[in-house]
Amino acid sequence: MKWNKHLLTAAIAAAVVAAPATGFAQDADPIEAAVAAASAETAYIMNTLLFLIGGFLVMWMAAGFAMLEAGLVRSKNVAMQCTKNILLFSIASAMFYVVGYNVMYPGDDGWVVLDYVGSFAGIYETQAVGGGSADDGYSVASDFFFQLMFCATTASIVSGTVAERVKLWPFLIFVAFLTGFIYPIEASWEWGGGWLDDMGFSDFAGSTLVHAAGGSAALAGAILLGSRIGKFKDGRVQPMPGSSLPLATLGTFILWLGWFGFNGGSQLAMGTIGDASDVSRIFVNTNAAAAAGAIAAAVLTQLLYGKVDLTMVLNGALAGLVSITAEPLAPPVWMSLGIGAVGGVIVVFTVPLLDSLRVDDVVGAIPVHLFAGIWGTLIVPLSNGDASYVVQAIGTFAICAFVFVTSLVIWGILAVTIGIRAREEDELAGLDNAEIGMEAYPEFSKTAMTS
Amino acid sequence: MKWNKHLLTAAIAAAVVAAPATGFAQDADPIEAAVAAASAETAYIMNTLLFLIGGFLVMWMAAGFAMLEAGLVRSKNVAMQCTKNILLFSIASAMFYVVGYNVMYPGDDGWVVLDYVGSFAGIYETQAVGGGSADDGYSVASDFFFQLMFCATTASIVSGTVAERVKLWPFLIFVAFLTGFIYPIEASWEWGGGWLDDMGFSDFAGSTLVHAAGGSAALAGAILLGSRIGKFKDGRVQPMPGSSLPLATLGTFILWLGWFGFNGGSQLAMGTIGDASDVSRIFVNTNAAAAAGAIAAAVLTQLLYGKVDLTMVLNGALAGLVSITAEPLAPPVWMSLGIGAVGGVIVVFTVPLLDSLRVDDVVGAIPVHLFAGIWGTLIVPLSNGDASYVVQAIGTFAICAFVFVTSLVIWGILAVTIGIRAREEDELAGLDNAEIGMEAYPEFSKTAMTS
Amino acid sequence: MKWNKHLLTAAIAAAVVAAPATGFAQDADPIEAAVAAASAETAYIMNTLLFLIGGFLVMWMAAGFAMLEAGLVRSKNVAMQCTKNILLFSIASAMFYVVGYNVMYPGDDGWVVLDYVGSFAGIYETQAVGGGSADDGYSVASDFFFQLMFCATTASIVSGTVAERVKLWPFLIFVAFLTGFIYPIEASWEWGGGWLDDMGFSDFAGSTLVHAAGGSAALAGAILLGSRIGKFKDGRVQPMPGSSLPLATLGTFILWLGWFGFNGGSQLAMGTIGDASDVSRIFVNTNAAAAAGAIAAAVLTQLLYGKVDLTMVLNGALAGLVSITAEPLAPPVWMSLGIGAVGGVIVVFTVPLLDSLRVDDVVGAIPVHLFAGIWGTLIVPLSNGDASYVVQAIGTFAICAFVFVTSLVIWGILAVTIGIRAREEDELAGLDNAEIGMEAYPEFSKTAMTS
Amino acid sequence: MKLVIAVVKPFKLDEVREALTAIGVQGLMVSEVKGYGRQSGHTEIYRGAEYVVNFVPKIKLELVIPDAQVEQVVDTIGKTARTGKIGDGKIFVANVEQAVRVRTDERDEDAL
Amino acid sequence: MKLVIAVVKPFKLDEVREALTAIGVQGLMVSEVKGYGRQSGHTEIYRGAEYVVNFVPKIKLELVIPDAQVEQVVDTIGKTARTGKIGDGKIFVANVEQAVRVRTDERDEDAL
Amino acid sequence: MKLVIAVVKPFKLDEVREALTAIGVQGLMVSEVKGYGRQSGHTEIYRGAEYVVNFVPKIKLELVIPDAQVEQVVDTIGKTARTGKIGDGKIFVANVEQAVRVRTDERDEDAL
Ligand SMILES: Nc1ncnc2c1ncn2[C@@H]1O[C@H](COP(=O)(O)OP(=O)(O)O)[C@@H](O)[C@H]1O
Ligand SMILES: Nc1ncnc2c1ncn2[C@@H]1O[C@H](COP(=O)(O)OP(=O)(O)O)[C@@H](O)[C@H]1O
Ligand SMILES: Nc1ncnc2c1ncn2[C@@H]1O[C@H](COP(=O)(O)OP(=O)(O)O)[C@@H](O)[C@H]1O
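Note that the protein sequences, when read in sequence, are chains X, U, Z, Y, W and R.
All residue numbers for the first sequence refer to this note's numbering, where the first residue is 198 and numbers rise by one.
All residue numbers for the second sequence refer to this note's numbering, where the first residue is 198 and numbers rise by one.
All residue numbers for the third sequence refer to this note's numbering, where the first residue is 198 and numbers rise by one.
All residue numbers for the fourth sequence refer to this note's numbering, where the first residue is 24 and numbers rise by one.
All residue numbers for the fifth sequence refer to this note's numbering, where the first residue is 24 and numbers rise by one.
All residue numbers for the sixth sequence refer to this note's numbering, where the first residue is 24 and numbers rise by one.
Simulated from the structure, these hints should not be mistaken for laboratory data.
There's no promise every hint is true.
[To be verified] With a Cα cut of at most 30 Å, we get these calculated DSS-like pairs of lysine-lysine:
{"hint": "1", "chain 1": "W", "residue 1": "Lys102", "chain 2": "W", "residue 2": "Lys57"}
{"hint": "2", "chain 1": "X", "residue 1": "Lys504", "chain 2": "R", "residue 2": "Lys57"}
{"hint": "3", "chain 1": "U", "residue 1": "Lys504", "chain 2": "U", "residue 2": "Lys428"}
{"hint": "4", "chain 1": "W", "residue 1": "Lys102", "chain 2": "X", "residue 2": "Lys504"}
{"hint": "5", "chain 1": "Y", "residue 1": "Lys108", "chain 2": "W", "residue 2": "Lys57"}
{"hint": "6", "chain 1": "Z", "residue 1": "Lys504", "chain 2": "Z", "residue 2": "Lys428"}
{"hint": "7", "chain 1": "Y", "residue 1": "Lys57", "chain 2": "W", "residue 2": "Lys57"}
[Said to hold, decoys possible] According to the in silico footprint, chain R covers these stretches of chain Y (three or more CB under 8 Å from chain R):
{"hint": "8", "region": "25-39"}
{"hint": "9", "region": "48-62"}
{"hint": "10", "region": "76-89"}
{"hint": "11", "region": "119-133"}
Built from N, CA and C at the ideal position, the CB exists for glycine as well.
Bound conformation, chain X alone (with noise of 0.2 Å):
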């Protein structure tokens, strides 16, 4: 994603006029434009395809983000985290039609605010059936398909961190600001042609835009939520260990599979030798950030703690798959290797860090998301000449600082008006009995050893 729309059909225009120009003698001989056209035609398919199988893959994210923190609640908020999950995807994708897209994809003239915030005018239009023209270098439908999955995923990142203690309709509510207008607004800087595209920002397929903004929001909700119940007593972090380390396990796969498509459709283009193999490089890149982030996890918290923490690979795992995110395509595969692996030390530092500072993260999605995602933000210019530093700090800086004041506000009025949070009698009881009125494991025998 590393051009935004308008530049992205420029650029497909652009080779469809250029390359058979090449191979070809000068004059506009009607074959040849049958063979260009065939060429655009096949670019066509192929980008949007990418789009398509890259937006089912990143879809597919949400029941990872699902699983993921089904598994690292406890069994009484279970059904409640279930019902968040689903219902977050479902409101992005409304949200993300009705307005989001419009705001984060103003074009030339579309702007409210020039290259700062987007229009509010309209819905996403689809193109006319049968519609589509090469000139457009793919289909907008699958476009828009492949950026709600973005604008979800950013959504899911909080569920997992205000988990346990956050009520359902107030955190629904958050979810439609935060996919209708946050996310699309600061990712229009980017991806919609805004201010940090102008100023040379990079962020390939959304380390800060998608993952840090996501942290950003899901920090200011935990700080306003403040922490569960008896997680931080008389000065000591209380470990509420999650019900299910395989439904944890699973959704770390899933992630980890759906994140080919997060970072490999980013490319946008696979209908050239050159963006074909860069998809490739990509996977591969992706896979093996992912991979170090686990085994750096895994090292270090045999060394650090004598065992080791299977959750704490699994975010390191998450955490390898952030931070190559910003930049998935230019670095080769053992600097891939080592992105990644920083992204598993960080996890690993910070999950405590976070503890000491009394911001209660369920299921580590601060670490993961935010500081992960820094880190790959900011690092791009190791491998991406075109990247500064300098310019990679300030962007980074002010989509969290935007994401985490608005999310701050909107939380905020959210607390004082219906409440955010849940009454300590059902959050001891459980959210699934208050909030849902069903058990999750409902035949299970079940003895909370909280401590």
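Given the structure of chain X, go ahead and fit chains U, Z, Y, W and R with the ligands onto it with the hints provided.
Structure of chains U, Z, Y, W and R with the ligands alone, referenced to chain X:
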């Protein structure tokens, strides 16, 4: 799947011939032919790829049904449910090959009863290794693969409704009839070019042909089986909560993902810009309908019952998907949201309705697949000018009636011969014990509090 | 994967040159060249796409193994099993990059011992960004990605067999050797163009190269580790039922899905009509074999034991898949059904056989991968005229023997140095506690009734 | 006061609870146990290996009642839980010396 | 020696355990039970069907203590587990005749 | 009759059951409990936070036996469950006044 097999072939062949003609001089220049052939080859490959990707995504839906149903039955029947689901998929795979495919696609002169009953003559013959010609438009094997998955889906739907009381082998025998005969016959009426196709019936990806049909077969089974012991006691409905809501949520996400293949693949072609764009449009509409179904069910259960009912939200998302399946291409996105939302509403109202009729549908498959399927089919003319409400009603009724009656006959014969219902004590102890001889969760203490 | 890397490249390059020649006039007209180039470009993209799709599907199999194994071990070892599976995949990703890929594909002059042992010289070098040329036929990075997944699969197989008693780090060290050296060396014999390839050995997607190899490594481990405490008590086999059959079922469905990538991707090309058709044929055959394996195991356990054994059905489906993997293209569908069914039968008979030999294979990986893998490889000549039974036997034996012996050596060295088996009390308390320090399901009351 | 411990077949739980409510029992505790008894001992086959099923899932009820109610409670449980088939379960009665309602600190029979 | 059986609200477990440790209790057993009592009987709706929730999850504590400690233990549990809301639970006391520490074969009060 | 309550290490269950069967015990109930005792108190680290493991999984056996068998049963359980390591568990004996076999309505020692 708006076209049936031979129509498609013809259409593509025509396109192949027509395409070069437009941009070229009129003489049959060998170079022009080369360009056309290359285009046709690309189209063949892309169409085949669509079938393969669509097919594996729909195959994945079998896992979705398995997880959804395993999560919604009580723990004492979970292993049985898993067994049924993996075996029904296996049996569908065998039966559709041995007889179903040729029943479903009799071609022009393979009918036993013209336009009503296809030939039982033979197995599906694969093309030779390395075979296939551009004139076919796509690999027949890829189409077989794709169609097989739809057949298996029909059977998966039945599995959930009749859960917790049906005996294993009678169920599997029913599946053999359903996937070898009942489904292929009714599907031939439309997708095989039979009388409904002639009449102008429209069911893009099978709201009725697959989903309402599966739901009708399930309804017949539920009626003949009767309700589970204790379900309707003293005139009251006794909830029997499912054993694992996270598994049910996972199943729903899997189905949601698979549905992109289900509906998107039913475009049957993505070898042109128009087709690729339409597949994209279908993806967007499919996602919108699912989201709207989930949101509608959430809002409605909140309003009606004071709490969001997660199982209804899951059913709602699926009902949204079923609703849009009859016409996922034509509607604009906002209409897809509306169609899906109505699906979600249908579920919330018809689940208790079925209960009040003393029909025991364990997982809500009849509301989701039969009722929302009917809704989706009937509403097609709203967005698709080629369809008529009367014909839609005729087609829907004909298929549901046919499947219901034939299913009733098969279930009935099985009931009076080998028996379809487990013995009372086996049902009470759980089918896992009686039919499978092993527990799904052997180590966990369980206290099933049905009241 | 019938061709190895350099052969493939050559073949495609030849095709690119040959193709235009057939339909055209003989002079090297620039326009002809343009058409040919466009075709070659499309082929490159499609081949690359096949590797990427195949690759991510096979990557997903790692999750399948994790879930299958997490479901089949007792709850006290589930977190350990998850840890092993995510880390083995990570380690395979690193090792195959650092050394494995170049050992496996020495090319023409990269051998240390010609046709037997490839070069340990270097890491895998990715092409440059935007690189790749039509002459390569596909992106090398996509091939690396695809091949890496096969390497990881080999390791996943081992994980299940040695479960519930192996220590974490010794296991991971074994995995590093297996994925860095043992697998790449034996795979080079065939897919790297080594002596088995020269001899005419045929193993399309790796019934032996991957599955029987993984099974052989597992067997060596099982023998050296010995059986779990209490497994064979007083001369009787003590069942130790798995903790979650729905997870095991999910794992099987994941593997089934992933196998379309495993076998289909091993066609290595879908840039022509013939290749696209063949990939389709492979999908159909793969599905048929899995279905037949499941059905065969169901029928057989019903006949032998009076009840269908779900764990055998799951193993049966996988055995069907392993059986067809050596030749998923050539057989007609009915033969694939037969080959898969025999796989299912093999499982049902060899699981108790292994027990009677006092080899403790926790998840049935040896019957599924080793025995069915041998069967699948030996039966190739039935459908593939180019293969000979004698050569198949030689190849199968050579690979199994090599992997078994080298694995025995590595396991042996580990055993006498750092030790491979957990302490008795740790095994009794569960490895989750001892090795990972956390429980998989901390809240659920468990009463493991091993008798 | 007496503590009545009853082990019954799981599917009888609801019926027993209703019957007890009908005779005025106001509280009880339920948990799952694995029961070993005469019903144990049938064999199953798991992955081809025959084994003896020693433990059968049962529901354990525990309730503390005034002495006067013992006979009626024991009879009611007995009658309701009876299927006549092996494994119907047991009822045991033990003496309880004190009872306290936590909420109110009421004692003994007032606490039940 | 006495066996104290206490049923309390799940989230009170930790507090109760700590309070007991503070007064010198050295061992106990914890398990989940489903409790039926006055707290039961509210209705929930599941898939549109209203039903009565009869059982509420509770934690059961069992501990054997010397006779001399009974009052203190009962008081401590009572005070700590009390929220004043319905469903706080019960404490029962029964007599225990023997106690054995498996590890050492110590008997009776030495075994606690 | 006596109620014997034994808490033992989970992996000892089978052995204990077999030993009891060997001396003629015909029925018992098994459940999991979380045990708090001297064995508790070691620390683990979860996501970087050190915490004290207070509860250890244990198996609780409950069986009602004739008075005459008490000594033998207690000895058998004790001997079989003993590993000599901390946390081996406890055995408690309490009096039981009545026993009923639900199936036949047999009473007291006939019911065991
Ligand atoms: N002596 C005993 N002490 C405790 N529980 C017992 C005893 N005997 C039997 N039980 C419990 O009663 C259940 C039923 O006993 P069983 O001997 O199987 O059949 P029946 O109830 O017909 O005599 C057992 O599963 C066990 O839980
Ligand atoms: N007679 C009894 N015998 C055993 N347990 C009881 C008895 N009465 C109540 N309980 C237990 O105590 C719990 C609380 O009792 P309940 O009547 O709901 O409220 P309260 O504690 O306020 O009186 C119940 O859930 C049940 O587990
Ligand atoms: N006073 C007690 N009352 C009830 N159960 C007890 C008591 N003391 C110990 N236990 C149980 O016995 C188990 C073992 O006790 P513990 O003190 O850890 O070691 P040991 O058996 O070596 O004395 C504990 O986990 C607990 O379940």
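Hint check results:
1. W/Lys102 <-> W/Lys57: holds, 22 Å
2. X/Lys504 <-> R/Lys57: Answer holds: X/Lys504 to R/Lys57 is near 23 Å, not above 30 Å.
3. U/Lys504 <-> U/Lys428: holds, 23 Å
4. W/Lys102 <-> X/Lys504: Violated. W/Lys102 to X/Lys504 sits at ~40 Å, over the 30 Å cutoff.
5. Y/Lys108 <-> W/Lys57: The hint holds at about 26 Å.
6. Z/Lys504 <-> Z/Lys428: Holds, at roughly 23 Å.
7. Y/Lys57 <-> W/Lys57: Holds, at roughly 16 Å.
8. 25-39: The restraint on the region 25-39 of chain Y holds, since 5 of its residues have a Cβ under 8 Å from chain R and three suffice.
9. 48-62: holds (count 8)
10. 76-89: It holds: at least three residues are needed, and the region 76-89 of chain Y offers 4 whose Cβ sits within less than 8 Å of chain R.
11. 119-133: Result for this restraint: violated, n = 0.
The structure does not agree with the numbered hints 4 and 11 stated previously, though it agrees with the rest.
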